[in-house]
Amino acid sequence: MSVMQNNSEKSKWYLPGVLGGLSVTMKHMVTNLLNRKKMMTLNYPEEKYDYSPRFKGNHVLTVKKDGSLRCTACMLCATNCPAECIKIVAAEHNDPAVEKFPIAYEIDILRCVFCGFCEEACPVDAIRLGPEWQTPAVNGGQFIYDINHLAYRPNLKGGIQTHVDDEERHKQGI
Amino acid sequence: MPKCTINGKEVEVKEGSSIIEAMQVSGDRIAHYCWHPGLSVAGVCRLCVVEIEGNPRVQIACNTMVTEGMKINNTSEKVKDTVKWGLDFHLINHPLDCPICDQAGECGLQDQYMEYGKYDPEMAEAKVKKHKVVDLGPTVVLDSERCILCSRCVRFTEEVSKTNELGLFNRGDRTEIGTHDGMPLDNKYSLNTVDICPVGALTSKDFRFRQRVWYLKDGDSVCNGCSTGCNIKVYYNKEGLFRIKPVYNEQVNGHWMCDSGRNAYKFVNRDARLLKGVARGVEMAPGAAAKNANEVLKNTAGDAIALVLTAQYTLEEYEAIIKTFVEEFKTKKVFFWINNKETFDSFDGLLSRGDKNPNTKGLLKVMEKHGITATWNDLSAGLANGSIKTVVVAGPENQVVFPEYNERLKELSKAQNLIWMQSGKNEALSALTGNVWIIPMKTFVEKDGTFINYSGLEQKIKKVTTVVSEALTLTEAALLLAGKNLAMPMTAPFMPTNQRPDQVELEHRKKNEFVFRRGSL
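If you read the sequences in order, they're chains A and B. Numbered by our numbering, the letters in the first sequence go through residues 1 to 174 in order. Numbered by our numbering, the letters in the second sequence go through residues 1 to 521 in order.
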């Protein structure tokens, strides 16, 4: 990088520059005071900006109609994850129709790069990147999202269902 | 010895061998689902088709014998088309549950589909639904939808285990594998059916859903379960060992291994292992505990030291520790701890032997070499009258096969000083107090060595992985107990280790004459 230096006589006069900047600030202040609806800022966190539903934000584990997890613990998302942030422990389900399900599904959100490879890899549309984008937490432990957070956090209002329906799929003989 | 040509290569094969065997010799790839080298030929999967010159139709390779001058081809368009349609039939009722299926990643159908398939199915009918998650017995779970009816498992129970539990029931596309009424698949070799199942129809309850196979690495070893010494592959990753599968060795185990041998991975895993050494109730690193124990051994007279060995260590380790005791400590009181002596010579006719130690022959060989004749009665008497003060024990790795462990432990703990070396955790052992040293040992997958099996066959084992890195081998422990230090294999820093012997070294390069020197021109 090259640094240009302005050594002219004019550059020593800093006051016009300061006053010029201040006038821009004052202009905005006056317009905001007179017309508050056109203000360009948000009062975060009281006011939040909603991105498009296609925005790739925080992960969501989708659920079936009965509210149980869709995930079959096939580990394709964990295999495909370039950041290696997904950890799954599979177990045998009591219901023979389900057979296999995750007893632990953890995403280390600090490692996650939000590339969306997990939703690409998922054969049953069980994991998605949702429109939520805020990931604040108080300590390190809260950055590891478990099943409870991924599928049943309060914003999801009981879980997100997907359009892929197993029963219909089976009826069609697929 | 007939000669035949396979895909343009001339191959000489044994008299009476089939085309598929000839292809194994020539190294050509051919799919086979029902054919297994250890079982009879069934010829039901129809996927090992080949084209034979002069024959208008394609033939199956497993049931056609090689004749002199036969010209065989399995790469032609005709064969590919046949395989494709054969595969289509196989996949008619096959469910798409690869995400749930344990075989995903090592499934023959997946491989075959990627090679020959990639078609749109032309079946208008719905798939036939069969039974899923059928509990066949204590070890195996069946999913009959995934089954392609190759009958390998049925033939296994008929021909190898000779228990006849399995059968094919119903007709046509409703055929299913099942057990005969009141006869669960419960024999000592039942998990071999899981190995030979070419798809994920039979799954092992033990391994089921615990790990996807593509996360596992494998390494060759020899089974620690009994004196047969079956050749095995252990599957592991950084979380530990997950399963054991047999490797073909004609001299030892053929294609099979027993179910109890497959459990041998459990005592290797970290949760079953001793991690810290103990010296007189103080926890320390294993090496430090062994070094600490040296002080007692040093101060005990040679006659008062006894060494107790179980036949679960390698030949080299016995050599090292017995030599140390005979030469350093001048004691010939070395005792062989025999577990269940009565059943030692029993044999079930296939693989499993009553002697549940992998290296009994090896231990006896080394003891004989050093002229050791002591018997267990000498030890008991010595402990009773107090002439034996310090006892060093190399305890079992596989504690399950030592049912009298606790009684022996009680007997040996009568000694003034007890130095116990063992790989696995044991509550009774950890509860001992007083002059007790506990030194964690490495298990058979963590070290190099030799096992001598029941027939005197020496088999080398190689280190596969390390589970508890700080644990010692018996050789290392012998050095430390004798008060010596471990010689760490150190490579010289900054020296290339991959140099060829004829590589030009830097010294020679400096002598290069064609160097431009300023002012020399």
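Because the hints were derived from the structure by calculation, they are not lab data. The beta-carbon is built from N, C-alpha and C at its ideal position, and this holds for glycine as well. Honestly, I wouldn't trust all of these hints.
SDA-like, lysine to any residue: derived pairs with alpha carbons at most 25 Å apart [to be verified]: (1) B:Lys238 x A:Lys157; (2) B:Lys127 x A:Ala97; (3) B:Lys365 x B:Lys410; (4) B:Lys132 x A:Asn94; (5) B:Lys323 x B:Ser387; (6) A:Lys87 x B:Glu239; (7) A:Lys56 x A:Asp146; (8) B:Lys238 x A:Asn94; (9) A:Lys157 x A:Tyr51; (10) A:Lys100 x B:Ser387.
Chain A is faced by these chain B residues, among others (derived, beta-carbon under 10 Å) [to be verified]: (11) Asp97; (12) Arg174; (13) Glu176.
Which stretches of chain A does chain B cover? Using the computed rule of at least three CB atoms under 8 Å from a CB of chain B, they are [claimed, not checked]: (14) 37-50; (15) 96-102; (16) 134-148.
Checked hints:
no. : hint                : in the structure
1   : B:Lys238 x A:Lys157 : violated, 38 Å
2   : B:Lys127 x A:Ala97  : holds, 16 Å
3   : B:Lys365 x B:Lys410 : violated, 28 Å
4   : B:Lys132 x A:Asn94  : holds, 13 Å
5   : B:Lys323 x B:Ser387 : holds, 22 Å
6   : A:Lys87 x B:Glu239  : holds, 13 Å
7   : A:Lys56 x A:Asp146  : holds, 19 Å
8   : B:Lys238 x A:Asn94  : violated, 29 Å
9   : A:Lys157 x A:Tyr51  : holds, 19 Å
10  : A:Lys100 x B:Ser387 : violated, 61 Å
11  : Asp97               : holds, 8 Å
12  : Arg174              : violated, 16 Å
13  : Glu176              : violated, 15 Å
14  : 37-50               : violated (count 0)
15  : 96-102              : holds (count 4)
16  : 134-148             : violated (count 0)
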